[in-house]
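If you read the protein sequences in the order shown, they are chains C and Z. Numbers 24 to 616, taken from my numbering, label the letters of the first sequence in order. Numbers 24 to 616, taken from my numbering, label the letters of the second sequence in order.
Bear in mind the hints are in silico, worked out from the structure with no lab data behind them. All residues carry an ideal CB built from backbone N, CA and C; glycine is no exception. One thing to keep in mind: the hints can contain errors.
Here are the computed distance ranges between Cβ atoms for each label pair [unchecked claim]:
id	chain 1	residue 1	chain 2	residue 2	range
1	Z	Glu208	C	Lys25	46 to 52 Å
2	Z	Gln174	C	Pro193	56 to 62 Å
3	C	Pro589	Z	Gly387	37 to 43 Å
4	Z	Ile41	C	Tyr391	54 to 60 Å
5	C	Ala155	Z	Ile41	48 to 54 Å
Calculated cross-link-like contacts (lysine-lysine; reagent style BS3-like; alpha-carbon spacing at most 27 Å) [claimed, not checked]:
id	chain 1	residue 1	chain 2	residue 2
6	C	Lys183	Z	Lys222
7	Z	Lys435	C	Lys222
8	Z	Lys237	C	Lys222
9	Z	Lys154	C	Lys222
10	C	Lys25	Z	Lys237
11	Z	Lys222	C	Lys222
12	C	Lys486	C	Lys435
13	Z	Lys372	C	Lys95
14	C	Lys222	Z	Lys183
15	C	Lys237	Z	Lys25
16	C	Lys32	C	Lys88
17	Z	Lys32	C	Lys237
18	C	Lys448	C	Lys419
19	Z	Lys237	C	Lys32
20	C	Lys183	Z	Lys25
21	C	Lys25	C	Lys222
22	C	Lys435	C	Lys488
23	C	Lys379	Z	Lys616
24	Z	Lys313	Z	Lys95
25	C	Lys183	Z	Lys32
26	Z	Lys448	Z	Lys486
27	Z	Lys183	C	Lys32
28	C	Lys419	C	Lys313
29	C	Lys448	C	Lys32
30	Z	Lys222	C	Lys25
31	Z	Lys237	C	Lys88
32	C	Lys32	Z	Lys222
33	Z	Lys372	Z	Lys435
34	C	Lys419	C	Lys407
35	C	Lys25	Z	Lys25
36	Z	Lys379	C	Lys222
37	Z	Lys88	C	Lys237
38	Z	Lys222	C	Lys379
39	C	Lys237	Z	Lys379
40	Z	Lys222	C	Lys154
Number of protein chains: 2
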Amino acid sequence: MKQTIGNLKQLIRAGRGIVPAHTVVCGGTLVNVMTSEVYPADVAIYEDTIVAVGDVSEYIGTETKTIDATGKFLTPGLIDGHIHSECSKLSITSFAKAVVPCGTTSIISGLDEYISVSGLEGLQEVFEEVKASPLKVFWGAPYKTPYTFPQSTVAFNFTKEVHHIVQQWPECFGVWETVREYIQEEDEDTLGAIEEATKNRLPVFGCAPMARGKELNGYLCAGIRLDHESYDHEEVVEKMRKGMHMLIRESSVTHFLEENIRAVTEVNPYLARRVSFCTDDVTATDVIEKGHLDNVVRLAIQAGVAPMTAIQMATINSAEAYRIDHMVGSICPGRLADILFVDSLESFKVEAVMTKGCLVAENGKLNYDLQAPARSEVLTSPLKCAMTTKEDFEYKVGITNGTAKVLSMDVKGPFVRKRRDVELKVENGIVLPDTEQDALMVSVLERFGRNGNKSLAFCSGWKLKKGAMASSAAPDDNNLIVMGADAADMSLAVNHLIENGGGQVVVADGKVLEFLPLPVGGIASDLEPADIAYRETLLSKAANELGCDLPEPLMYMFFLPITAIPDYAITDVGPVDCIALTTFDPILELTQK
Amino acid sequence: MKQTIGNLKQLIRAGRGIVPAHTVVCGGTLVNVMTSEVYPADVAIYEDTIVAVGDVSEYIGTETKTIDATGKFLTPGLIDGHIHSECSKLSITSFAKAVVPCGTTSIISGLDEYISVSGLEGLQEVFEEVKASPLKVFWGAPYKTPYTFPQSTVAFNFTKEVHHIVQQWPECFGVWETVREYIQEEDEDTLGAIEEATKNRLPVFGCAPMARGKELNGYLCAGIRLDHESYDHEEVVEKMRKGMHMLIRESSVTHFLEENIRAVTEVNPYLARRVSFCTDDVTATDVIEKGHLDNVVRLAIQAGVAPMTAIQMATINSAEAYRIDHMVGSICPGRLADILFVDSLESFKVEAVMTKGCLVAENGKLNYDLQAPARSEVLTSPLKCAMTTKEDFEYKVGITNGTAKVLSMDVKGPFVRKRRDVELKVENGIVLPDTEQDALMVSVLERFGRNGNKSLAFCSGWKLKKGAMASSAAPDDNNLIVMGADAADMSLAVNHLIENGGGQVVVADGKVLEFLPLPVGGIASDLEPADIAYRETLLSKAANELGCDLPEPLMYMFFLPITAIPDYAITDVGPVDCIALTTFDPILELTQK
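All chains, please: the whole structure from these sequences, using the hints.
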């Protein structure tokens, strides 16, 4: 849907029925999300655009292809209002294979993990990959990177000067995930990004978990339009009363729908108008087992939302929140032809998917062989990180033997780490991890060849009895993270990833147990979604066998560098106190013996 | 509400309660249009921006001003979704005096009449006038001028090259009133304006009266977002099913609300979500007698719309349609402090008005003396038009004596002229107007010094028995229009306007009966609204006394150059067939005697 004079002329003629449609969808029942009506209607399509809805008999020419939709409900393609597709470890191509058959035809994304590992050059390459895929990405320019912590290291630093350039790109639809603390701290790059967005008429997307009262007011005064992260329905209600659009997140690791939807089902049904959905982070396994946005629609219906309302939340509401409703979110003339063929509004099973005018998926699968693009060195260069030895993962202190009281980051949820004080043995000047006390070592190694940073700290909750695991995918910086009960195994895990251009690995006793290569920027893979899911299962199983009983051992680990959520995190510059936004010394007390 | 880094810092601090509010509004009941809820809430304001809503006790400092709103409902300022304020003949300053006390704090306007008489230089001067007024204007760049008829003459031609420049101005919020026929004809300037709008992320506003079926589809394929002109509620329903935002127009001359609101009250209440209001053209008399947008809200309530819904239509719905809901349309932190103090939701009497954080009107009047700005020559230059003689208004034909069958444009409504064939006498080579048959002469004189064009044709329906009337305000070209039963009086009327720098005049028997000077561009006046209303009444009365029984004799005349609506119009290049979009010869047949 290019809006050049030439394209507009073609579309106008097609809309007027002067040139015949390329495709008509006949016999279906239209779910009109603009009017909350359901009625029989055919759809005429010219190239990638819907040109007529209703009686389209006059749009049919000799070359027009007819698609039979008898017995099917036609809904707009679903929009994921906030997702880091990279966190699924699926490349855009693989991600499209996973989610498009579920009915997700558009995502709003910062593609920020790609930027953190490959800068704008890598991003441009991903844009090309998107164009060749059946998925649309409405890109938001990250408000600033690194957004973990100003001192931490990424391949590319996103500043206000970068916003000055990229906000003018046609791919840019807003400012991505502006974290509350950066507004509160009056960060110059973040406010500069907002200043640019005002000039460029772009909305600013938010990220303000648990923002309430005065802090929420301050945040809103910066012009933030929407948020995708509320921890309870009362938070949702307050944000909406104060004018925000709300995305309810139902990710693989945080299940907020059941609680947040109460804002609509219990407090005020009118709120539904500005509520939409996102999945933020999903695993391939989850998508294969449960579905994607279609599953969120089903969950909403199960929670008591009327099917029409739930479908609106997954389509037009997101489109309006992001001001892309002129392109997607409804089946109307002039919009992109993203149309789902659904069995019933109640069960909401997506049986076929049309994107940009082409029927691309049927019965849960793409109906053609989508190939990943050849990739340049920008996205496939080796990890720029020196090989390690076991000494790199030994915590050295100023006493030879004795005990160290350390602050161990104790995982309490996928993103939440709380303080846990543990007393560990010191032998030969080294603080020893202790599997009996569930105190492991964790380290982040800078991997973009910028400074060779390496941090080291303590963590709890993973319960590995031996071995180590590592990942070069680790939002948001995507430095190399490794965790283990044993320094030699940690070194082995890291070295294996360096030698293989990135991935995720579980090792023990000097042996690699499972390995998932992630050759695309060290964070994603072009493997089939089912392959990735299978290998993820193997990785989890290996970690489980080493003693870990978390639902997603590696995912819980790879979120460790995220500093946006209290209380603790770790980046390449050190363990971070997420409230004070400073690094901290994990050694609380040393006792020489 | 400037969104520079510096301003953002101030606002964030004010929102967080770190610096005290300038003003708090206490004791009122909030009409929360975002959530359809009504509850007690105070409002804290910093400079022109709302920074907190709810309990604002922590925002009060020693210098904070408190405004008592006990017993009042607080609603957002009203937004007129489509208006040519100039057509009221009130300058921006006078218009603000008229409508702001009624609660209209924002208008969407092309300011196109100003552009047609004074170009971009005049427009910039008007922008400055807006800033000094309590009214906000969200400007849409006219899709093209002249939009009467390509060959007709205006002071400034708006082309796609102009769009390339002006769409980047911060005052620009979209493309104004894109008329359907120009889309259908695939006009290069119009499509170029849309191409630019896509690049600049601006919505395209429409004007598609009676567009249905395939022509509506073609129109929508050009990406038109909204429309303000539907002739019945079924047209409203079709446009909304096809994805448009609908503005219901209730102007001084066309009363569409009663019919159009049936789309909501009878067909589908859900449509209300994307319905809003506009007045398009209003007379000062009307505003003084009935009110402005507040009156439209009351009419909607009388028609069966719930008060909350009617208020949403006049506030947030327009703001969302025009994508300005981040600035206006709700009482939320981060929005401009445009707040109405209303007696009750049912009677909706606006008792006081705050705009941009200042209480500017109470009890139907501005509470301070708003002065019109000094004006440059751009907006006050004399009419660039040669003085006329009676011969200029004599229709000469190729026979000396006999009869002429002529096509007289017969007025059937403010914008509608139908064909009426009349047989007139020809004497001494001149076709004589005939008051017995109600066939008058009408002429449009180019008045910008560009080419000296002058057209002459016949019209019916005004029923003047003698004399003439003329106006230099005559949308959309604003050339000088004159109509009369007598060529000498027509010349007198025109010359009086030329000598006096523009205005409206009624003459008879060689004498000026009534004159309203319009020194601002020949189209508007800085007089008080009540003065203008009074003088309009005198003009109407004078025309009535000459025999005219139309409700607004001069307004019906000054719409004669509008070519957008079938069947006939007249511009400086001649009478126009609005369907074929060509000029036509009004002489159908000559019979020599």
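Verification of the supplied hints:
In this structure, Z/Glu208 and C/Lys25 break the distance hint of 46 to 52 Å, their C-beta atoms being roughly 21 Å apart. Remark: the range hint 56 to 62 Å for Z/Gln174 to C/Pro193 is contradicted by a beta-carbon distance near 36 Å. In this structure the supplied range 37 to 43 Å is violated for C/Pro589 paired with Z/Gly387, their Cβ-Cβ distance being about 53 Å. For Z/Ile41 paired with C/Tyr391, a C-beta distance near 57 Å keeps the hint of 54 to 60 Å intact.
Hint check: C/Ala155 to Z/Ile41, Cβ distance near 49 Å, so the stated range 48 to 54 Å holds. Restraint check for C/Lys183 and Z/Lys222: satisfied, since their Cα atoms lie roughly 21 Å apart, inside the 27 Å limit. A C-alpha spacing of about 46 Å is found between Z/Lys435 and C/Lys222, which places the hinted pair above 27 Å, so the restraint is violated. Using a Cα cut-off of 27 Å, the hinted pair Z/Lys237 and C/Lys222 is violated, with the two alpha carbons roughly 37 Å apart.
Simply put, Z/Lys154 and C/Lys222 have alpha-carbon atoms about 19 Å apart, close enough for the 27 Å limit, and the pair holds. Under the criterion of a C-alpha separation no larger than 27 Å, the hint pairing C/Lys25 with Z/Lys237 is consistent with the structure, at around 21 Å. For the proposed pair Z/Lys222 and C/Lys222, the alpha carbon gap of about 13 Å is at most 27 Å, so the pair holds. For the hint linking C/Lys486 to C/Lys435, the alpha-carbon distance of about 13 Å falls within 27 Å, and the restraint holds.
For the suggested pair Z/Lys372 and C/Lys95, the alpha carbons sit about 50 Å apart, so the restraint of at most 27 Å is broken. A threshold of 27 Å between alpha carbons decides the hint, and for C/Lys222 with Z/Lys183 the separation of about 21 Å falls inside it, so the pair holds. About 21 Å separates the Cα atoms of C/Lys237 and Z/Lys25, which keeps this hinted pair within 27 Å; it holds. Proposed proximity of C/Lys32 and C/Lys88 is supported: the alpha carbons are some 22 Å apart, at most 27 Å.
Straight-line distance between C-alpha atoms of Z/Lys32 and C/Lys237 comes to about 15 Å, which keeps the hinted pair within the 27 Å bound. With a C-alpha separation of about 12 Å, the suggested pairing of C/Lys448 with C/Lys419 holds against the 27 Å cut-off. In summary, the hint linking Z/Lys237 to C/Lys32 is supported, as the alpha carbons are separated by about 15 Å, within the 27 Å threshold. Pair hint C/Lys183 plus Z/Lys25 holds up; C-alpha atoms about 17 Å apart against a cutoff of 27 Å.
Among the hinted pairs, C/Lys25 with C/Lys222 is consistent with the structure: their alpha-carbon atoms are about 23 Å apart, no more than 27 Å. This hinted pair checks out: C/Lys435 and C/Lys488 have alpha carbons roughly 19 Å apart, not beyond 27 Å. About 70 Å separates the Cα atoms of C/Lys379 and Z/Lys616, which puts this hinted pair outside 27 Å; it is violated. Under the criterion of a C-alpha separation no larger than 27 Å, the hint pairing Z/Lys313 with Z/Lys95 is consistent with the structure, at around 22 Å.
About 15 Å separates the Cα atoms of C/Lys183 and Z/Lys32, which keeps this hinted pair within 27 Å; it holds. With a C-alpha separation of about 18 Å, the suggested pairing of Z/Lys448 with Z/Lys486 holds against the 27 Å cut-off. Proximity of Z/Lys183 to C/Lys32 is assessed by CA-CA distance (about 15 Å); at most 27 Å being required, the pair is judged to hold. Note on C/Lys419 and C/Lys313: the hinted pairing is violated, with a Cα-Cα distance of about 46 Å set against a maximum of 27 Å.
A C-alpha spacing of about 76 Å is found between C/Lys448 and C/Lys32, which places the hinted pair above 27 Å, so the restraint is violated. At most 27 Å may separate the alpha-carbon atoms for a hinted pair to count; Z/Lys222 and C/Lys25 meet this at roughly 10 Å. With a C-alpha separation of about 20 Å, the suggested pair Z/Lys237 and C/Lys88 falls inside the 27 Å cut-off, and the hint holds. Between C/Lys32 and Z/Lys222 the alpha-carbon distance is near 17 Å, which keeps this suggested pair within the 27 Å criterion.
Distance hint between Z/Lys372 and Z/Lys435 is unfulfilled; the C-alpha atoms sit about 35 Å from each other, more than 27 Å. A hinted pair counts as satisfied when its Cα atoms are at most 27 Å apart, and C/Lys419 with C/Lys407 qualifies at roughly 25 Å. At most 27 Å may separate the alpha-carbon atoms for a hinted pair to count; C/Lys25 and Z/Lys25 exceed this at roughly 32 Å. At roughly 20 Å between alpha-carbon atoms, Z/Lys379 and C/Lys222 fall within 27 Å of each other, so this suggested pair holds.
Proximity of Z/Lys88 to C/Lys237 is assessed by CA-CA distance (about 20 Å); at most 27 Å being required, the pair is judged to hold. The suggested pairing of Z/Lys222 with C/Lys379 holds, with an alpha-carbon distance near 20 Å, which does not exceed 27 Å. For the given pair, C/Lys237 sits about 21 Å from Z/Lys379 by alpha-carbon distance, which is consistent with the 27 Å threshold. For a cut-off of 27 Å, the pair hint linking Z/Lys222 to C/Lys154 stands: about 19 Å separates their Cα positions.
In terms of the numbered hints stated before, the structure departs from hints 1, 2, 3, 7, 8, 13, 23, 28, 29, 33 and 35, listed from lowest to highest.
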